[in-house]
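Q: Once you know that position 456 of the sequence shown is 735 in our numbering, the rest is easy, because the numbers rise by one and skip nothing.
Not one of these hints is a red herring.
The calculated DSS-like cross-link candidates involving lysine-lysine, where the alpha carbons are at most 25 Å apart (straight line), are:
1) Lys598 x Lys619
2) Lys483 x Lys431
3) Lys598 x Lys524
4) Lys431 x Lys655
5) Lys881 x Lys944
6) Lys619 x Lys633
7) Lys483 x Lys655
8) Lys584 x Lys633
9) Lys602 x Lys524
10) Lys714 x Lys699
11) Lys655 x Lys619
12) Lys483 x Lys598
13) Lys619 x Lys483
14) Lys734 x Lys714
15) Lys348 x Lys470
16) Lys944 x Lys879
17) Lys602 x Lys584
18) Lys524 x Lys633
19) Lys699 x Lys734
20) Lys524 x Lys584
Distance ranges between label pairs, derived from CB positions:
21) Pro751 x Gly885: 27 to 35 Å
22) Pro680 x Pro728: 15 to 23 Å
23) Met883 x Lys1114: 34 to 42 Å
24) Ser494 x Tyr600: 14 to 22 Å
25) Glu542 x Val439: 25 to 33 Å
Since the hints were made in silico from the structure, they are not lab data. Yeah, the Cβ is synthetic: ideal placement off N, Cα and C, and Gly gets one too.
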Amino acid sequence: MLRFAASEVLLVIFVRWKWKWRAVDKMALVNLGGLGCLLCLFFHVTYAQEGFVSLECCSPSNWTDPYTKINWTSDIDVFQHQGRCRLVTLPELNDTNYNEARIFSIDSGNKWCYNLTTIREHDYLIRGTFLHGPSLRTSTDVFFDVLIGTTKITQVNSSVDDLEVEGVFRATNGYINFCLVAGKGDSYISKLELRPLNDSLYLKENSSVILKVVSRVDLGNTAHAIRYPQDPNDRIWTVDASSNKPLINNVSIYGANTSVPMEVLQSAATNVERLQFVHADVNTKASVHDYLVFLYLLELNSSIKTGQRVFDIYVNGEKFYEKFDILQNTTSNYREAVLKVNSTDGYLNISLIKASANVTELGPICNAYEIFQVHKRAAETLQVDVDKIVGVRNEFLVENPGNVVLGSWSGDPCLPSTWKGLGCEHNNGGSVITKLDLSSNGLQGFLPPIIGDLKELTEINVRDNNITGSIPESFSLLRHLTNLSFGCNPLLNNHLPADLSHRSNLTTDFGRCANEDPSGPQLRLSSYAIGSVAGGSILFTVALGIIFTCVYRHVKYPVSTKSLVAKNAIFALPSMDDIDLKPILIQAFSLESIETATCKYKTMIGEGGFGAVYRGTLPHAQEVAVKVRSATSTQGTREFENELNLLSAIRHENLVPLLGYCCEKDQQILVYPFMSNGSLQDRLYGEAAKRKSLDWQTRLSIALGAAQGLMYLHTFAERCVIHRDVKSSNILLDHSMCAKVADFGFSKYAPQEGDSGVSLEVRGTAGYLDPEYYSTQHLSAKSDVFSFGVVLLEIITGREPLDLQRPRNEWSLVEWATPFIRDGRIEEIADPSIKSGYHVEAMYRVVEVALECIELYSASRPCMVDIVRELEHALIIEINASEYMRSIESMGGSNRFISLERKVVATTPTVSEPSPIFSQQIAPPQPR
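Produce the complete structure using the sequences and hints provided.
A: Structure (structure tokens):
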């Protein structure tokens, strides 16, 4: 399937991109008209010719080449609004079926990309034809770059009238971009072909390079070029223009396999002394380049014996093979020689020279050869960001089908140049999208919630459009967001999601348009309303000042809990790190309302050191968990006030929020939202009624969520908050399995220089307690890191941190698991319920993080910021692998194949490299 940056077809592209029809609004497809027939024909052509894509630019119709039988598809219906068509008059063009070029004006953008469907981990040949001639001539030469993905492989110059650019690559995703990047003048292209390569030896499991074809010659053939159908891969083997003696014989290969067509191998060049082939890669600049030379050698004289034809092989005077004999292995009459060459100027002199007379009788022979220039694959935007921004584009296009900016979005969003309206930053081997600026683009419709999945966004600007609806709740997921600009969208509801409204570092702009009439229908206020608003503002300011004074006293001086009791009152307790005093609402419940909500403590759902936890329902139907301090609790008023004070100042999606409290009749009660999926401990190895199997991807997501919550605590308001009781029972799961860290009764601010009265009392839970903290009584954020490392081991193994029912050497999870991890025997400790259900690379990253977290000395442990980064990368790897596996399953793959494929994929390069903070302490997975 084919996609180009044309506004009429971008919706169809999303179907290909996500492999799911449901991702596109069905009503939007009505506007595509006759494209359905075009796509049906395209699919028929593709399957008829084994996955071939053959696109002819500007052809008036589809047609079939009478010689090759290749079916060519016109782009006239799809791309009629992109570029312009021009006839190319070249006298040497014998093929009258195509002689046009599609021209892309430099005034309309700087990058134009075709997007073709591929199958991941398969090898492909892609070939573009660029016709130029007198009809396109300008006063100066035109040039532009050609990219496969984001990797530049050559520069096209208009001084060459008929140029074919061909590359070989391994698909790392379900698509490949073929891009023209503006240089000087207008870019152009005439044909584009994609061919799957079967049984090719070019890349040999190496997806980190792209090979550009320099030359492919069928030696001894002086008649016509050979391509499809003689070559099933449709490589074009050019005729031999050398003066070497041709040799032709219809012998067959025995004892070997090759993908080179027999029609190519049954002719050869030979010479009594020397064969020499000289090539100059004219597009190569004066720098060192790597080349691969493939020589294909079949002995065409069946009477020749071993030792009769022996020769040396040189490139640029360097000997690569000495006394090369095709028949040296007597089981075959065919050999291939692969030469890896460096050249500073693109000059290659390949020489096959007869060995000394006392060694051999006959001169050298060669049937065909190929020369490739090797290009290291350039970095790309992280795939998760690519998928999400394409989703943003396609959702906007439903209501804005002709938008020029959205229509120019093609290829990689960040590289080699960013799409208009985006900002990107380099991130650990790739790029991520950090800014989205679609201001003043005449956009209408709703804001796509998928924007909230662009996790690294720091700025969103959609000012001066006609956007309707409300700001999506998903924007709360953007933890790096610092700037929101929604001004001059008259129909947009400016209400911020709750989590965003409490962020002290977030700047928002809801200002009206510069030319907007303040008396217009959207902003008209009577003088009475203005007076009411002004008066209300004064009252609010006074009330806020009173509240601030009370709260300041509450924080600075211990206050009797009785002073907080007020029947059905609402307290607005501000975050002390927020200069704007954006409040977090904490409700003061009466004891009567608590008893009503819990049906007089009817359903107990848990019990901890503070007391029992009961399930309840508030009058507005919100389910809550009510924690009641028991009379025998070892955690007293100090822990109660500690949690109340802390949760009055912080709020994060991965921390359990405090809804309210009750201090009445010596009762101390805390009210939280009910977490319907219980705790992580319950799900891993709790009571049988609560235990449910968690797949690896869900476990990874939970680990990441908990890490993000702890990271927020550790980086809070320039004063780190240490949880001091991180454990799986304090990681709760809501209805969507989002992890939330709970129980802040032991939490403390990290000690700072000059602090007085610092408690030396060690708090924590056996099995999770940091040994350095226990022995030195020195508290730091790295104590939480150690405990979190134990949680990661629980997630990986499904075991309790301390189990005295097991053999003595297995009591401690840390002591038992560490030797297995250091030896790379991860499969022996992985929870049996997830075996064969995880991507090995993702698992090894998490195991490596866990190992670093449980280091004996805190200085050797990573910080939570580094842990979050590594877990994010592991989750990306797992998600991408899962999507690939699902695509394999949809094509009939078996579970056994999926398991083996994951283990194989893990040995290949992945989306990003580990952070330097994590040392390579684990033995790598061994091939099976």
